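Residue numbers (numbering that gives the first Met the number 0), protein chains in the order written: chain C, 0 to 394; chain Y, 0 to 133.
Rather than coming from a laboratory, the hints here were simulated on the basis of the structure.
There could be a bad hint or two in this list.
Only pairs whose alpha carbons sit at most 25 Å apart, straight line, appear in this in silico DMTMM-like list of lysine to aspartate or glutamate [as the list claims (entries may be wrong)]:
(1) Y:121 to Y:56
(2) Y:121 to Y:2
(3) C:313 to C:173
(4) C:313 to Y:11
(5) C:271 to C:364
(6) Y:73 to Y:93
(7) Y:129 to Y:9
(8) Y:73 to C:238
(9) C:324 to C:364
(10) Y:116 to C:287
(11) Y:129 to C:256
(12) Y:129 to C:211
(13) Y:5 to Y:120
(14) Y:129 to C:263
(15) C:312 to C:263
(16) Y:129 to Y:118
(17) C:271 to C:238
(18) C:324 to C:201
(19) Y:5 to Y:124
(20) Y:129 to Y:56
(21) C:324 to C:238
(22) C:271 to C:287
(23) Y:121 to Y:19
(24) C:271 to Y:46
(25) Y:121 to Y:11
(26) Y:116 to C:370
(27) Y:116 to Y:19
(28) Y:5 to C:120
(29) Y:73 to C:370
(30) Y:73 to C:48
(31) C:23 to C:120
(32) C:271 to C:321
(33) Y:129 to Y:51
As the structure is a computational prediction, the values presented were derived from the model and not from experiment.
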Amino acid sequence: MAHPMRGATAITGFGMTPMGRIYKSTMELAADATRTALADAGLKKDQVDGLLINAGITGTTGGGLTLGLQNYLGMGNLRLLNHMNAAGSTAAQMVQYASLAIAAGMANHVLCVFADAPLKDGSSAGAAYGGSARSPQRPRGMSALFPASGYYGANTPYALAARRHMATYGTTQDQLGTIAVGQRQWATRNPLAQMRDPITLEDYHNSRWIIEPLHLLDCCLVSNGAVAVIVSSAAAAKDMPQPPVYVWGMGQGHPGDSNRTGSDWETETGAKAAAQTAYAMAGVGPGDITCAQLYDCYTYTVLVTLEDYGFCKKGEGGPFVEDGKLGPGGSLPTNTGGGELSAYYMWGMTPLSEAIIQGRGHGGDRQVKNDVILATGNGGSLSYHACLILSPHAN
Amino acid sequence: MSEYLKPLPEADAASQPFWDGAMEGRLVLMKCSDCGQWRLPSRAHCDNCLSESFTWETASGGGTVRTFGVMWQKYQPGWAAETPYNVTIVELDEGPRLPTNVIGISNENIRVGMRVKVDFEKHEDVALPKFRPV
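Okay, chain Y solo, but in the shape it has when bound (with noise of 0.2 Å):
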């Protein structure tokens, strides 16, 4: 495999969770123990109800592609060969958003609420999660 020159991400203590789960191939999620609200990105409180109470979660795994944009744009030189690129926000089935890229389809065939799953990235040390059309 040729070297990956994208941006890779390091866990850190706040979401080493969520990098372990993408690992094993799982979407995991800080759920609020209080208001049931999933959220993202990690963080000590609920943005809904200032909670500190959390449980790590497994989330389904399935959204919706919430919007799209594709890039042209070569901000940074490990995008510059897949340029342009798709840039999509999926709105999980859980409720939170994670920004990602559609995979499996060319971007002119991206729509707006087409349902999608998730589909792991596997690299040495950490895993992207990347979306298929289901």
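Isolated chain C (complex conformation) (with noise of 0.2 Å):
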């Protein structure tokens, strides 16, 4: 018997700004987001009964969205609200507690928000989430072994979790690269791709360094921008404007704690526990999945992410990647849009996005086979995990 929650609800509104340096604040960001979503839907503004928001980088270096934004939306007919924080999961998980929100009458259209403006004029993307000016001289505790070793930023965690995978299973440098020459081929053809040039692998070993074995072309962009999605019951999305893209399945994992005593974070993550959470309720396997869009904060992310949804082994996703399948062509399309290393950096916006222009069947140059979409969210040092199942099929 089918679990009652797939197919239960539906995506049924899609709003973005454009992205990359736009210097808005993050409320006028999710505002035009939210115009564009409702328009998209077809909804007036209080016929939204729910509202959930998630800051990005900004809700920690300052400036991001709070719960204020249903003010400045003037939302007056909530029935369900709530400022949410699991990191880069965070955008799927807001996906999944409206639908079950939804699924259990407490909520008709529930509108979900991220918004992050990090990039200032006239400064680095690096110097958005380096972390360097947060660092003093003189740092108290037992956390300061980290900034006493020269321990900074996003970039260590995911490079140190990159060795060891590395070193554990033979991963080459090679098959990190081929994830980003893969994904600039997919952003070429996405006309809200920031970067649009093609790349070479050849390239890829020419870009700097930022911490071994990271290279530039390993790392993710950084993005001022705004999404907003709607979520509504598949019975109200089938008199909706827009072609619904229906959630089949949604699960979560969350290890947590990457320096805990004992843990393999570096090379298992939260999304095994997740996929097999999401499998189960919509009934599918790895081998269905048509088409992914998973969360690349780095190259490395989408290796270990593939591996944990068992579309290979543990260990293989080296190989797995080689032959460019993630690419234009490949068998499993993969980050269709260029992903957060090539498009956008929406955190967990950037695969959910992309996941409903595919759903939708608006991927122009670029669409794909779209019956059965993973969409995946990952935030910390691969420390939070969440999943959509998604499909433009009721059942």
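Join the two chains into one complex using the hints; note that each chain is given alone, in its own frame.
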């Protein structure tokens, strides 16, 4: 018997701002994306009775979305409201909690909004995320061992994780590079992408080191922008203007603290638990997935996520991606908009937004077979994970 | 000795015995009195069994390189002169993982799984646990 949540809800509205060096406040960006999503869904603002909010890095560094977005948007009819944060896994989680609330009769149309604006006029992308400004000369306590060892930013833990995988399983720099090259090929077909010039494996190797084993082209972009997604019941979706993208499966997995004694956080992620839950709910397995939109803060994240979703065995992610099967024309089209590496970095909204575009059949030059779409989100240092399995088919 | 420009830790109440031990050349960590698990960083509760009972014990100082990176970004001016430098996680023989740097070896020769031993880098009022290959 099918799971009661399989196909119970659908994504019915979608709005995005331009991405990159857009110098507006996060509230303004969120309002722009919301206006687009409402028009897209054919809904009046007062018909939306749920609001879930997720701030990006500016939620930590300052200027991020707060619960006050409700008032900025002038939404007075809410029966469901929260400001959520489980890092890059939050976008998928917002759709999950929206779906559960709708199925329980707590709301009809839930707006899920992400906005971020870490880029300031005249400062680098690295400055937005590096954290150097937050490191004092005399840091206190045991956590001071991190800056005292030169351990900075999000790049460090992901380099450490990639190194561990390479040392354990023989994963190569070429294999990581193949992921970057494939995603750039996709980005050349995406008018919304920030980076649209094709790259070669040689370009990858020639890009500067950030922290070995990560080159610049292993790392995601930094973007200002916003994405708004509206979730409705499957019944309501049938009468709305856009092709519904049905939610077939949902799952989460959170190993947490990457420094915990005994943890294999570098090579075994929360995606494993999330996959089991979501596959069971959707009634599908990895062989049924026709395209994958995987959180790709780094090339390595894609590789380890593919393993944990069972597309290949643990440790075989390198040989699996080596033939370019993730790129255009490949057998597992992945991050078909260019992803966070080449298109735009809206945390978990990057894979989710491309999943919606593909699910609606609006991919244009990059449209792929969209029967069963996997969209994942990951955050922290591979600490948090959530996913959705989506489809244009109600059943 | 030229001025030290990299971030230099200061003890807080919860970590004082760790830094006192380091000044004496000993790696001193919390150990749970109930389940026996060593822990790092310092905190009131054991993250294995949630017990509040603990003692400060001297670890062997031996460990293994669990993973490492070689940093080229210049995040902090104090580190700029040494870039590229290694950032290493040493898994202590007692279990906890310590962010540190491997010294006495070129970055190209560091390997995951390499055996290392603690060697304290002493400053005026604080000592930092670094690790050398054995």
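Okay, the hints, checked on the actual structure:
1. Y:121 to Y:56: Holds - the C-alpha atoms of residue 56 of chain Y and residue 121 of chain Y are around 21 Å apart, at most 25 Å.
2. Y:121 to Y:2: holds (13 Å)
3. C:313 to C:173: holds (18 Å)
4. C:313 to Y:11: Roughly 42 Å separates the two Cα atoms, so the pair is violated.
5. C:271 to C:364: violated (32 Å)
6. Y:73 to Y:93: violated (33 Å)
7. Y:129 to Y:9: holds (16 Å)
8. Y:73 to C:238: violated (55 Å)
9. C:324 to C:364: holds (18 Å)
10. Y:116 to C:287: violated (50 Å)
11. Y:129 to C:256: holds (23 Å)
12. Y:129 to C:211: Satisfied, since the Cα-Cα distance of roughly 20 Å is no more than 25 Å.
13. Y:5 to Y:120: Distance of about 13 Å is within 25 Å: holds.
14. Y:129 to C:263: Distance ~23 Å between residue 129 of chain Y and residue 263 of chain C Cα, so the pair holds.
15. C:312 to C:263: holds (16 Å)
16. Y:129 to Y:118: holds (5 Å)
17. C:271 to C:238: Status violated; Cα separation ~36 Å.
18. C:324 to C:201: holds (19 Å)
19. Y:5 to Y:124: OK: residue 5 of chain Y and residue 124 of chain Y at ~14 Å, within 25 Å.
20. Y:129 to Y:56: holds (19 Å)
21. C:324 to C:238: violated (37 Å)
22. C:271 to C:287: holds (17 Å)
23. Y:121 to Y:19: With Cα atoms ~12 Å apart, residue 121 of chain Y and residue 19 of chain Y stay inside 25 Å; holds.
24. C:271 to Y:46: holds (23 Å)
25. Y:121 to Y:11: holds (18 Å)
26. Y:116 to C:370: The given pair, whose Cα atoms are some 55 Å apart, is violated under the 25 Å limit.
27. Y:116 to Y:19: With a Cα-Cα distance of about 19 Å, the restraint between residue 116 of chain Y and residue 19 of chain Y holds, given a limit of 25 Å.
28. Y:5 to C:120: violated (29 Å)
29. Y:73 to C:370: Between residue 73 of chain Y and residue 370 of chain C the Cα gap is close to 46 Å, so the pair fails against 25 Å, i.e. violated.
30. Y:73 to C:48: The given pair, whose Cα atoms are some 47 Å apart, is violated under the 25 Å limit.
31. C:23 to C:120: The given pair, whose Cα atoms are some 11 Å apart, holds under the 25 Å limit.
32. C:271 to C:321: holds (22 Å)
33. Y:129 to Y:51: violated (29 Å)
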